[in-house]
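Undergrad: Given next are the chains, with one letter for each unit.
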Amino acid sequence: MENQPVIQIKNLTKIYRDFWGRKKVRALNSLSLDVKKGEVFGLLGPNGSGKTTTMKLLLGLLFPTEGEITILGKPASDVSKNEWIGYLPEESYLYRFLNAEETLDFYGRLFDMSPQQRKERSDQLIELVGLQNARKRQLKEYSKGMTRRIGLAQALINNPDLILLDEPTSGLDPLGSRDMKDLIVKLKNEGKTVVMCSHLLADVQDVCDRIAILYAGELKELGRVEDLLKEQNETELLTSKLSPAAIADVEAALAKHSAKLIRHGHPTNSLEDLFLKTVQKSQERPGQRYVPTASEKS
Amino acid sequence: MTFDRDPFVLLTGLRDWLLVFGGFVGIIFAATILVALGIYGTSGPVAVMGRVWQGLHDFTHLSPRRIWAISRLTILEAWRRKALWVFAVFAFLMMFAGWFLDSELRADMQLKNAVSFALTTVLWLTIPVLLLLSCWGIPEDIRVRSLHTVVTKPVRRNEIVMGRILGFSTVSAMIVAIMGVVGYVWVLRQVPEDDHPRLSRWNRMCLAVGLLPNATIEPDLEKGLPEIDVTAKKFCRMPVYGTLEFVDREGTIASKGLNTGDIWEFRSYIEGGTKSAARYKFAVNEPVDQVKLESRFEAFRTHKGRIGQSLLVRYVLVNPKKSLRVPLPSFEIKEFSFNEQFIKREVSYYDEDLKDTRTVDLFKDLVYFDDNEKIKHDVLQVEVQCLDSGQYLGMSRPDFFIRLPDRSFLVGYFKAVLGIWLLTVFIVSIGVTASTFVKGPVATLLTFSVLLVGQGFREFMIKLITGEQKGGGPVESWYRLVTHMNDTLALPDTVSVQIMQGIDKVLLSGLWLTQHLIPDLSSFLMSPYVANGFDVPWGVALFRSLAMTIGYLIPCLLVGYYSLTLRELEAK
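In the order they appear, the protein sequences are chains H and P.
Quick note on the working numbering: the first sequence kicks off at 1 and runs consecutively.
Quick note on the working numbering: the second sequence kicks off at 299 and runs consecutively.
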């Protein structure tokens, strides 16, 4: 079941035409790929590579010029497939005159959910995305990050099996970004399938099982993230702190096997980790400030 | 305006609608199949059939909850975007309108003006708001892409169109209802004091809403005022119109009377003091204790006549099958006003042959079955004669009618309000449909054009199509303008003129089609009935408007659905 494709794309081509039917741009060219159940799949590529076009074709917002798309066993044009899909657009295209509760209630109604289901699910999702204090405010008063959060909540209102996320971390602060990534992993653990496209390669690397890299509408790479990133000709060892003598011994040992030490040093944390640690400390000890070291003072 | 329109026959209307709608659907379907075959080969018609099947599936799997969700959203949107500020404009107009309405007029004319003003204000404040809301809703949703999030849910495109139409119709219902109630109270406050000197304002309101249905005013002995039945003033007449034929001065039957030189031929005249008469035949059903006849005739004088007196008129009840003629007492007509006459069940008259007074039963002796193909009903024939020689009495079919028991003014008023709402539903249907395939400004222009053609320019279009309008079609009139040719002059018989007239024929055929596609929107406007003291008849006005609204709503839903389904919302 794990390998059962949730999305099947075969020879998908999309050509944008002008008013007179003349070809304007070939946004996608014979794209074929499968997304399996329970995986987090990333669509990568520079601007204009066809990521968002692929997403919109999956959702039926655009019609393919050629090729076929099957989602959850149904063609992309079949509206009933949307029962099991959640979609977070690049910008949260929501009704700005509604508040958070009304927004979720509205989208819940579109899924034919009962009033009680809508209420329960809305409360749950508002808490999940951390908008408890802004639930009665109209979306036009929201910051971009808050709008992304409510956008995510509406995408999850139906507890979907397949979640399509277009630039999910765009507009979010590092904390929000981390929460989003944690949520994606959580959804994956719940057996959901997630397809996301993003410019933030670190985010994709953190959460995706498989990725596809598009360039000028064509598929250039497709596979598991670790397989694609693995450097086959090199080996990485991580040890506790070594003295210079120990490093020399390691070099000698490697030389015996016709290998050489390419680089050694102390591993660094990511900036994201540092930021998150700092914020966490600040929350634990409010009022504590940065104190310059003696060398900085001199 | 005439209050005597042909009644709406549902089955005939349905048959005509099916013919037109079925014809259009058939033509469009056949054309689509042919075009698809030409472009895509055999796979084209298969795809078209697939779309048709999908349409059938979508229309049979509608979700009321989703439709209501979109309607609710529409209502909230209108509310939060302050569309209901229209009430402020309405309140402002109502506060000061009384200053500008003529208080020197006769009481019933003041009432007429007040009712007309209130209903016209409701109409012209509601239409622009609904026109803009309905034409901009979907295009704005597409522009800001909020519709894109909606269509990624299991929402069918017809549910979006239906939800929008229902939502805007609900908004219009709220606006029209609130304005209607406020307008009604305002009308009551505008009724001149002379009309009900003894009733308090509260009692007037109770009277109008039917809590005091038979209230009359006690005579004021000090001031010597007569007893006035105020209920008659603010209740709606229920007329039963008959057929009309004329008898000329020689006693010969004619379809028209005399023309006194008036270019407006609505009324025909009978000559006084001759055999000339007008014969009205009224279809009657159940016998009643008395029949009330009401008339409004126009006098044309060839001499001054009796100074200070009006023309003398006599009704003669005729039963040709029994050769019975029963003349009723003559009376002076009230010009520019209604004459009310009551005929009791037992009618006594002086029989010239018997030289004695005779009594007959109105229904047993005077009502007879008319075999005429157009009537075929029990009828009461009333002959109208003018007794003043050298004077003429003008009348048309709606000028004389049997007045059935009056109906509540409140009900009549709100029937007119209902008519306004039906018109807004029609506008909303057209506006929402147009907005599914063009942007807001174009949709507004398109819907406004439908309004103009359906009401303002309709008469002119009909005159153009029927050739009543002198000067020919567009090309011919342009030719006449350029060559400074009078529109009564005949054009030369040349090839170029024939070509020009041929082009005109094609253009006028397009106009003919437009005129038949766009309904007569004046049917929705029922305020003249109420303003003139008539009940709004269901059969003639309201059923027609309701059927028209539904008749246009169905194709609108189809067009809107296919327009949204076949378009790429994200097309660049």
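To be clear, the hints were calculated from the coordinates, so they are not data collected in a lab.
Treat the hints loosely; a few may be bogus.
[As the list claims (entries may be wrong)] Per label pair, the in silico range of CB-to-CB distance:
1) H/Asn11 to P/Arg363: 53 to 63 Å
2) H/Arg289 to P/Pro739: 55 to 65 Å
3) P/Val709 to H/Gln117: 36 to 46 Å
[Said to hold, decoys possible] Just a few of them, taken from the derived set where beta-carbon distance is under 10 Å, the chain P residues facing chain H:
4) Leu354
5) Asp356
6) Phe357
7) His359
8) Arg370
9) Arg379
10) Leu382
11) Thr447
12) Lys451
13) Arg454
14) Glu681
15) Gly770
16) Glu774
17) Arg778
All C-beta atoms, glycine included, are put in the ideal place defined by N, C-alpha and C.
Undergrad: Work down the list of hints and note, for each, if the structure agrees.
TA: Each hint tested on the structure:
1. Between H/Asn11 and P/Arg363 the C-beta distance comes to about 38 Å, which lies outside the given range of 53 to 63 Å.
2. As the Cβ distance of H/Arg289 to P/Pro739 is approximately 57 Å, the hint placing it in 55 to 65 Å holds.
3. For P/Val709 paired with H/Gln117, a C-beta distance near 44 Å keeps the hint of 36 to 46 Å intact.
4. Taking 10 Å as the C-beta contact cut-off toward chain H, the hint placing P/Leu354 at the interface is violated, the least distance being around 14 Å.
5. Checking P/Asp356 against chain H: minimum C-beta separation of about 8 Å stays under 10 Å; hint holds.
6. Annotation: P/Phe357 was flagged as interfacial toward chain H, and the flag is violated, the nearest CB pair being 13 Å apart, outside 10 Å.
7. Residue-level restraint check for P/His359 holds (minimum Cβ-Cβ distance to chain H is 9 Å; threshold 10 Å).
8. Look at P/Arg370: its Cβ gets to within about 8 Å of chain H, closer than 10 Å, so that hint holds up.
9. Taking 10 Å as the C-beta contact cut-off toward chain H, the hint placing P/Arg379 at the interface holds, the least distance being around 7 Å.
10. Given the 10 Å rule on beta carbons, the hint for P/Leu382 is violated: about 14 Å separates it from the nearest Cβ of chain H.
11. Annotation: P/Thr447 was flagged as interfacial toward chain H, and the flag holds, the nearest CB pair being 5 Å apart, inside 10 Å.
12. Hint on P/Lys451 holds. Least Cβ distance to chain H is approximately 4 Å, under the 10 Å limit.
13. For P/Arg454, the interface hint holds, since its Cβ comes within 10 Å of a Cβ in chain H; the closest pair sits about 6 Å apart.
14. With a cut of 10 Å, the hint placing P/Glu681 at the interface with chain H is violated, because the nearest CB-to-CB distance is about 67 Å.
15. Restraint check, P/Gly770 versus chain H: the minimum CB separation of about 37 Å is more than 10 Å; hint violated.
16. At its closest, the beta carbon of P/Glu774 sits 35 Å from a beta carbon of chain H; the interface hint therefore is violated under the 10 Å criterion.
17. The closest approach between the C-beta of P/Arg778 and any C-beta of chain H is roughly 39 Å, which is over the 10 Å cut-off, so the hint fails.
In terms of the numbered hints stated before, the structure departs from hints 1, 4, 6, 10, 14, 15, 16, 17, listed from lowest to highest.
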